[in-house]
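Spelled out from the first residue to the last, the chains are:
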Amino acid sequence: MSQHHADHAPDQTEVPSEPALRVKALESLLVEKGLVDPAALDVLVETYEHRVGPRNGAQVVARAWVDPAYKQRLLADGTAAIAEFGFAGSQGEKLTVVENTPAVHNVIVCTLCSCYPWPVLGLPPTWYKSSAYRSRTVMDPRGVLRELGLALPDDVEVRVWDSNAASRYLVLPERPPGTESMSEADLALLVTRDAMIGVAKVAAPRVGGGA
Amino acid sequence: MNGIHDMGGMHGLGEIGYHEHAPGFHEAWEVRVFALVQAMQLGGLRPDIERIPAAEYLRMGYYERWYTAFVTRLIERGIVTRAEVERGHADPAAVKATPVVTPVVARELLFRTPQTEQDLALTPRFRVGDRVRGRNIHPITHTRMPRYTRGKTGVVERDRGVFDLPDRERVSAEPTPQHVYLIHFTAHELWGEAASAHDALYIDMWEDYLETA
Numbered sequence: 006m007s008q009h010h011a012d013h014a015p016d017q018t019e020v021p022s023e024p025a026l027r028v029k030a031l032e033s034l035l036v037e038k039g040l041v042d043p044a045a046l047d048v049l050v051e052t053y054e055h056r057v058g059p060r061n062g063a064q065v066v067a068r069a070w071v072d073p074a075y076k077q078r079l080l081a082d083g084t085a086a087i088a089e090f091g092f093a094g095s096q097g098e099k100l101t102v103v104e105n106t107p108a109v110h111n112v113i114v115c116t117l118c119s120c121y122p123w124p125v126l127g128l129p130p131t132w133y134k135s136s137a138y139r140s141r142t143v144m145d146p147r148g149v150l151r152e153l154g155l156a157l158p159d160d161v162e163v164r165v166w167d168s169n170a171a172s173r174y175l176v177l178p179e180r181p182p183g184t185e186s187m188s189e190a191d192l193a194l195l196v197t198r199d200a201m202i203g204v205a206k207v208a209a210p211r212v213g214g215g216a
Numbered sequence: 433m434n435g436i437h438d439m440g441g442m443h444g445l446g447e448i449g450y451h452e453h454a455p456g457f458h459e460a461w462e463v464r465v466f467a468l469v470q471a472m473q474l475g476g477l478r479p480d481i482e483r484i485p486a487a488e489y490l491r492m493g494y495y496e497r498w499y500t501a502f503v504t505r506l507i508e509r510g511i512v513t514r515a516e517v518e519r520g521h522a523d524p525a526a527v528k529a530t531p532v533v534t535p536v537v538a539r540e541l542l543f544r545t546p547q548t549e550q551d552l553a554l555t556p557r558f559r560v561g562d563r564v565r566g567r568n569i570h571p572i573t574h575t576r577m578p579r580y581t582r583g584k585t586g587v588v589e590r591d592r593g594v595f596d597l598p599d600r601e602r603v604s605a606e607p608t609p610q611h612v613y614l615i616h617f618t619a620h621e622l623w624g625e626a627a628s629a630h631d632a633l634y635i636d637m638w639e640d641y642l643e644t645a
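Sequence order for the protein chains is A and B. Per our numbering, residue 6 is the first one in the first sequence, and the count goes up by one each step. Per our numbering, residue 433 is the first one in the second sequence, and the count goes up by one each step.
The shape of chain B in the complex, shown without the other chains (with noise of 0.2 Å):
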């Protein structure tokens, strides 16, 4: 979707802020959030954090995107109702469950480097060297397609393999796997003229997202 999210390119977002020494966790609420994630395996929050409101996403810091979206994913699946968000107490009636991740699975997870390149061997429709242009499509839901790669033509440097089309996650319970392509951008065709002649960017492009230029 064309959302707040998809930042690529804007201007007026404020400062960077940076910190040589910033940590990765400010706040300890924050690594116990991000714990909760993992340790209850919902999947990737990315569409949920998407569909908050533009002006809500900028005010949040990124863990609190994180609670508003793990909260709305275990609300609409009903493995919580918002009564029990809202009071932080179980609903007396509801049955209690076994979790899922236990100690052992925990560390099995997290030694353990998920494999999501997919063992098919489907037809890539390109090849490397081919000259390529981001489509001109504007999806509604969650996309890996960044706009500013839209309308602009690059050249595919590396077919990553097959990988299923996050696109496809919220529309579909079927996998739709295809090739991903490592696509070469230069930074003229991407910002113009004004853009340094010798830069460059490199992104990760499924083959829907592309055609032949």
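With the rest of the complex left out, here is chain A (with noise of 0.2 Å):
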């Protein structure tokens, strides 16, 4: 995101021709007109900066790996699952916990707008929101893995899951192996996001060595 706008579109103001101004500017009318509260405005900004992020995920993934009651919670009801972490608020609505195993492999999308669970995984990265995920993930899932870095054999049943209505979703990776004896925080740390929105695996910890 290095290039700027400024010489496009001057009739039409909504526009950011420089987005960091107007943006700054609409944010002092709202604070000018009362009606947003620039404290109110630090707690959110905070949060989904610092507090929201696929750090939570993860721990509700190794959790799921280590305890298989909570595993069934899980799949049953993952909005109620992720409560249990205190993980809620907007976008966790109806989550939805698709589990890999070595015959399927869900992958998460959203060809309308973005939809992706914020409370545990953040904001999407840019390229979940490109208009070539969006668009190509519906109708050659395999090849935009591929390009992705992950081929899956072709027994391997793909399912996508294009996430814009009333659910939001989480891919429940498959556990690695060789991770028998560590600990549900240790494996925690091995989680990715991309793991979870199903771009990736969750890589076997090298031997040897530490994270």
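Don't take each hint at face value.
[To be verified] For lysine-lysine, the following DSS-like pairs were computed, each having C-alpha atoms within a straight-line distance of at most 25 Å:
no.: 1; chain 1: B; residue 1: Lys584; chain 2: A; residue 2: Lys29
no.: 2; chain 1: A; residue 1: Lys76; chain 2: A; residue 2: Lys206
no.: 3; chain 1: B; residue 1: Lys584; chain 2: A; residue 2: Lys38
[As the list claims (entries may be wrong)] Over 10 Å on every C-beta distance to chain A, these chain B residues come out as not near it, computed from the model:
no.: 4; residue: Val560
no.: 5; residue: Gly561
no.: 6; residue: Arg567
no.: 7; residue: Asn568
no.: 8; residue: His570
no.: 9; residue: Thr585
no.: 10; residue: Val588
no.: 11; residue: Leu622
None of these hints come from the bench; they were simulated from the model. This one's a predicted model, so the numbers in the text were calculated from it and none came from an experiment. Glycine included, each C-beta is placed from N, C-alpha and C at the ideal position.
Both chains come to you apart, so use the hints to assemble them.
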């Protein structure tokens, strides 16, 4: 996002010719009009910048790997199961957790906008919001996954979840081999955001190596 | 509406630009827009994002679309004027409001999951296992029914419960609660014989989007 658009659309005031300045002006207008409380804004910014992110989802996944009863609750009602960690909020309603197995690989996309389970993954990365990911994943999931570095055998069933209506989705990745003796906390460190979107697998820990 | 946002199955829309460690926000203003939208609680912006002309939509980044739709919403609701947005200052004659979202409310919003499911005992039109077809409809306003599902046959996998039909949001003040179903389509049905015979697509669909197949 290095390019700016200073020479575009001079007649359309809603298009930020210089986004940072436009947003700053809008913020000060809304504060000046008494519509926005700057302290509330700080709470929201701080939360989404630093507190809500894929580390939340990673804790959920690690718990599901070590605790079969938790895994059952998670697959039955994702929203209730993440609430056990205190994870809640907008875009967490009707959270559906889909489990990867050796026979089934799940991948999440939102073709109509960029719906994403904020309470467990935070805000989506740019590539998830790209027109190419949104347009291609439903039609050619294997091609997209291959391009992103994940080649799946032909006999694995790929399930694409287009998440733009009532539910949000989280992929429960497969627990990698060689992690039998690891603690829940160490397992959580292995879990990546992209594995929980379904465009990657969780890699086994390197032999003899720390994180 | 059959807008550019309804892009499932299109070709030629550039690169994915994948980075394993890509952050959720790239520039500081992006999180400010995000937070301003949360702080105003004016409802989902999707209908207004989808009204952005196609060429502009494709040129803009995600949070530029949010900004544009947010300003449209603020002006159309009479909350601010275009002149105020351009100046970045309030009309001196305007009455000062009291913010709805205080820090306490913000914390509540952050840690309370909204209840979108409606507690209504409506008789479902479809049952799990029913074969259903996406209706051949072309609403000109907001819809959650992607084009690629129209005319395609799938199977009801799950009844999600009752939710307000979002298509009505801009058309009528009256909510239209109805059942939402998780529909299973085979990749073959959606994309033809070239698609993998093993693969499938799952999507939630409101009752109005479906007919018996």
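To see whether the hints hold, each was checked on the structure:
1. B:Lys584 / A:Lys29: Roughly 46 Å separates the two Cα atoms, so the pair is violated.
2. A:Lys76 / A:Lys206: Within the cut-off at roughly 18 Å; holds.
3. B:Lys584 / A:Lys38: 50 Å, violated
4. Val560: 15 Å, holds
5. Gly561: 18 Å, holds
6. Arg567: Holds: least Cβ distance 15 Å, greater than 10 Å.
7. Asn568: 18 Å, holds
8. His570: Holds, since 15 Å exceeds 10 Å.
9. Thr585: Correct as stated: the minimum Cβ-Cβ distance to chain A is 16 Å, above 10 Å.
10. Val588: 14 Å, holds
11. Leu622: For Leu622 (chain B), whose nearest Cβ neighbour in chain A is about 7 Å away, the distance does not exceed 10 Å, so it is violated.
When each numbered hint is compared with the structure, violations occur for hints 1, 3, 11.
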